[in-house]
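Note that the protein sequences, when read in sequence, are chains L and R.
Going by my numbering, the first sequence opens with residue 1, and the numbers climb by one from there.
Going by my numbering, the second sequence opens with residue 1, and the numbers climb by one from there.
In short, the hints are calculated from the structure, not lab data.
Where hints are given, some of them may not hold.
Said to hold, decoys possible - Residues from chain R shown here face chain L by an in silico Cβ test under 8 Å; the list is partial:
1) Phe12
2) Gln28
3) His32
4) Pro158
5) Met204
Remember, predicted model here, so these are calculated numbers, not experimental data.
Ideal Cβ positions, reconstructed from N, Cα and C, are used throughout, including at glycine.
Here's the letter readout for the chains.
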Amino acid sequence: MAEYKKADGMIDWLDQRLAVKKLMKVMMTEYWIPKNINFLWAMGVVLVVLFKILIISGIFLLMYYKPDINSAFDSVNYTIMQEVEYGWLWRHVHGVAASAIFLIIYIHMFTGIYYGSYKKGREIIWLTGMALFGIFSAEAFSGYMLPWGQMSYWAAQVITNLFGGIPVIGEALVIWIRGDFLVADATLTRFFMLHVLLLPLAIILLIAVHFYALRFPHVNNQDAEEFDFDKEAKKYLDGKTKESKVVPFWPVFLSKDFFVVGVFLTVFFYLVCYHYDFAMDPINFEPANNMKTPAHIYPEWYFLWSYEVLRGFFFDIGGVAAMDIGLAAFGFANVIFMILPFLDRNPYHVAPAHQRPLFKYWFWILVLDMIVLTVYGKLPPTGNNAWVGFYAALTFIVLFIALPIITKMEAKCQGGDK
Amino acid sequence: MREFKILGVVLFFTALIYWGVEPFAHSQMHPHVDPADFAFKDLGATDKKGDAAKGAENFMAAGCIGCHGVSSQGLVAPMDNAAASVAFGVVPPDLSTAGTLYDKNFLIALIKEPTKALKVEHKFSEAKPHPMVQFFGLGGDINQEVADIVAYLQSIAPKDIDNKKVFEDACQRCHDMKYDKVFSTSQKDALKAYMGTTPPDLSMMIRAKSKDYLSTFINNPQKQLAGTSMPRVGLTEVSQNKVIAYMEKVGDRKKAERDDLGYKLIAYMALFTLLAYLWKVKIWKKVH
Numbered sequence: 001m002a003e004y005k006k007a008d009g010m011i012d013w014l015d016q017r018l019a020v021k022k023l024m025k026v027m028m029t030e031y032w033i034p035k036n037i038n039f040l041w042a043m044g045v046v047l048v049v050l051f052k053i054l055i056i057s058g059i060f061l062l063m064y065y066k067p068d069i070n071s072a073f074d075s076v077n078y079t080i081m082q083e084v085e086y087g088w089l090w091r092h093v094h095g096v097a098a099s100a101i102f103l104i105i106y107i108h109m110f111t112g113i114y115y116g117s118y119k120k121g122r123e124i125i126w127l128t129g130m131a132l133f134g135i136f137s138a139e140a141f142s143g144y145m146l147p148w149g150q151m152s153y154w155a156a157q158v159i160t161n162l163f164g165g166i167p168v169i170g171e172a173l174v175i176w177i178r179g180d181f182l183v184a185d186a187t188l189t190r191f192f193m194l195h196v197l198l199l200p201l202a203i204i205l206l207i208a209v210h211f212y213a214l215r216f217p218h219v220n221n222q223d224a225e226e227f228d229f230d231k232e233a234k235k236y237l238d239g240k241t242k243e244s245k246v247v248p249f250w251p252v253f254l255s256k257d258f259f260v261v262g263v264f265l266t267v268f269f270y271l272v273c274y275h276y277d278f279a280m281d282p283i284n285f286e287p288a289n290n291m292k293t294p295a296h297i298y299p300e301w302y303f304l305w306s307y308e309v310l311r312g313f314f315f316d317i318g319g320v321a322a323m324d325i326g327l328a329a330f331g332f333a334n335v336i337f338m339i340l341p342f343l344d345r346n347p348y349h350v351a352p353a354h355q356r357p358l359f360k361y362w363f364w365i366l367v368l369d370m371i372v373l374t375v376y377g378k379l380p381p382t383g384n385n386a387w388v389g390f391y392a393a394l395t396f397i398v399l400f401i402a403l404p405i406i407t408k409m410e411a412k413c414q415g416g417d418k
Numbered sequence: 001m002r003e004f005k006i007l008g009v010v011l012f013f014t015a016l017i018y019w020g021v022e023p024f025a026h027s028q029m030h031p032h033v034d035p036a037d038f039a040f041k042d043l044g045a046t047d048k049k050g051d052a053a054k055g056a057e058n059f060m061a062a063g064c065i066g067c068h069g070v071s072s073q074g075l076v077a078p079m080d081n082a083a084a085s086v087a088f089g090v091v092p093p094d095l096s097t098a099g100t101l102y103d104k105n106f107l108i109a110l111i112k113e114p115t116k117a118l119k120v121e122h123k124f125s126e127a128k129p130h131p132m133v134q135f136f137g138l139g140g141d142i143n144q145e146v147a148d149i150v151a152y153l154q155s156i157a158p159k160d161i162d163n164k165k166v167f168e169d170a171c172q173r174c175h176d177m178k179y180d181k182v183f184s185t186s187q188k189d190a191l192k193a194y195m196g197t198t199p200p201d202l203s204m205m206i207r208a209k210s211k212d213y214l215s216t217f218i219n220n221p222q223k224q225l226a227g228t229s230m231p232r233v234g235l236t237e238v239s240q241n242k243v244i245a246y247m248e249k250v251g252d253r254k255k256a257e258r259d260d261l262g263y264k265l266i267a268y269m270a271l272f273t274l275l276a277y278l279w280k281v282k283i284w285k286k287v288h
């Protein structure tokens with residue numbers, strides 16, 4: 001048993017029991033981050049801040065929300081928005097943060113792709129990150145259902161119906177997910193449980209693993225330079241702070257992040273108070289009505305690209321029904337990012353995209369294609385729109401089929417194929 | 001500088017996506033319609049000058065009070081709301097305020113040919129007549145007679161009506177405003193059978209539809225929603241704005257608070273950002 005002495009202060013008292021000084025070193029003051037980074041490296045902390053905002057605002061909303069199809073809409077739009085002091089603020093904050101977090105997730109994700117931060121020891125970071133993307137998607141979808149507005153209902157109807165396309169078990173699966181033959185009270189209540197309990201728990205757990213996975217391969221830098229972290233850390237601790245290639249997480253790295261978070265939150269509160277329609281679709285302020293199908297059904301903006309991959313295949317090909325091709329493509333789109341580290345056949349060469357002769361074109365074509373998919377995912381799928389959607393969806397799939405080939409070619413010409 | 005270049009790229013793509021899924025997509029999904037026409041040009045304008053005294057006589061002679069009440073003049077509607085709902089599908093309006101709420105030319109056209117003014121010709125026919133009987137005249141110049149009736153309605157109507165009262169007199173026969181504990185005067189079953197669907201509660205409609213949409217929709221529902229069973233009600237611009245103001249008061253009660261708090265939140269975060277920037281510069285001086 002350790003020896004306990006009379007503590008010379010609060011910190012010392014805690015240190016003897018919890019080793020807080022050591023903990024602070026490991027987690028903060030001697031957790032080393034490369035110095036050669038730009039503001040894109042702050043997105044992780046922005047995401048943490050947004051997730052905290054979502055949890056805190058969610059807790060306040062939870063105090064008044066009623067997960068029952070007869071009272072859900074009014075508990076949100078009357079009780080929370082009008083009766084409760086600043087209830088509107090929590091709801092607007094929650095709604096806008098839910099949308100904004102996806103923008104930052106996409107920036108974070110494409111930063112990782114651009115700088116090659118998903119390979120050579122960083123695969124688990126990527127995998128947990130994409131798992132987080134998946135669970136955040138489920139979290140967003142289940143949350144969108146809760147106000148029980150028109151789009152809550154119809155999006156739930158359309159999306160749960162997709163599972164019906166799975167061979168053999170599809171039909172039974174849809175009923176199992178809904179808890180009823182139709183999207184109904186049982187559906188709302190179980191999605192409420194998922195939204196406030198199971199999914200947030202899974203997210204918190206995955207975030208912990210995501211952070212932990214970062215400790216061994218270390219954070220990448222904007223030139224993908226590899227160096228000895230221990231040597232650079234020693235330089236820093238020896239006082240050669242300007243010469244060292246690393247900085248401690250606290251206070252140096254976080255001081256920059258706080259600034260970036262500040263800029264972001266300034267814009268965020270502008271959106272919360274004055275420009276929220278992009279995140280809180282007006283159509284969802286109409287109560288759910290199963291007799292009245294909205295003229296246009298579309299998901300929130302962050303799901304549009306994969307929705308368009310689903311919709312893009314609008315005609316039967318070689319005897320296979322359009323719906324089945326679409327579903328297969330949709331499934332492809334939702335798992336393909338996950339296995340990106342294994343599709344890149346140039347696994348030992350980490351470099352930012354602009355230093356990769358073929359990958360750089362692949363990257364920017366992917367970005368543009370996903371933007372086209374996103375925009376056309378919202379437009380009515382008629383006439384030319386349907387064809388643009390078809391070719392954009394096809395391009396998306398071809399891009400990922402081509403990725404192993406072009407990265408292999410790259411590896412060969414760089415002589416890095418080991 | 002590299003960071004600004006990267007920021008430029010991120011902002012460009014963010015703005016492109018925003019433009020694509022919001023203004024552009026909405027312009028494609030909801031085609032632009034002409035602004036509201038408060039002159040009701042399609043109904044024409046009368047050149048007759050109405051005489052309110054004559055109009056009062058015509059009003060009684062034409063049998064308007066067979067269905068309508070004019071409570072401000074002590075004329076009670078012949079049926080109560082329940083009976084009127086069953087008889088007509090919807091409770092006929094009390095006409096005390098009609099002269100101010102509705103446009104003069106609209107009222108004239110309405111009395112002469114209800115389905116045309118209301119733009120509900122697609123719903124009614126000779127086999128299924130509109131509950132409001134067309135005025136065929138009292139034997140004289142029908143245009144003069146109608147002009148007199150409208151002059152009479154204008155003479156008895158109060159000049160200034162508050163927002164909620166406009167809603168009650170113009171909309172509440174069909175629509176609820178349950179967040180203000182206002183419910184339709186017509187019975188729900190009869191109303192649903194008459195309209196084909198239960199007219200929506202309007203409590204949150206101000207958030208569901210933009211002011212621009214409401215302005216053109218209320219003025220002429222067919223323009224935004226072809227085939228809808230909601231009639232054109234013929235509100236003047238002033239009255240329509242009062243209805244929208246009332247809808248905003250009920251459905252977006254915290255708007256003033258939101259507008260006011262926004263500045264403070266933004267100012268707070270701007271100050272935080274400034275301090276964070278100064279701190280960052282101080283810290284990074286030691287490492288760069």
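The hints, checked one at a time:
no.: 1; hint: Phe12; result: violated, 11 Å
no.: 2; hint: Gln28; result: holds, 5 Å
no.: 3; hint: His32; result: violated, 15 Å
no.: 4; hint: Pro158; result: violated, 30 Å
no.: 5; hint: Met204; result: holds, 5 Å
Checked against the numbered hints above, the structure violates hints 1, 3 and 4; every other hint is satisfied.
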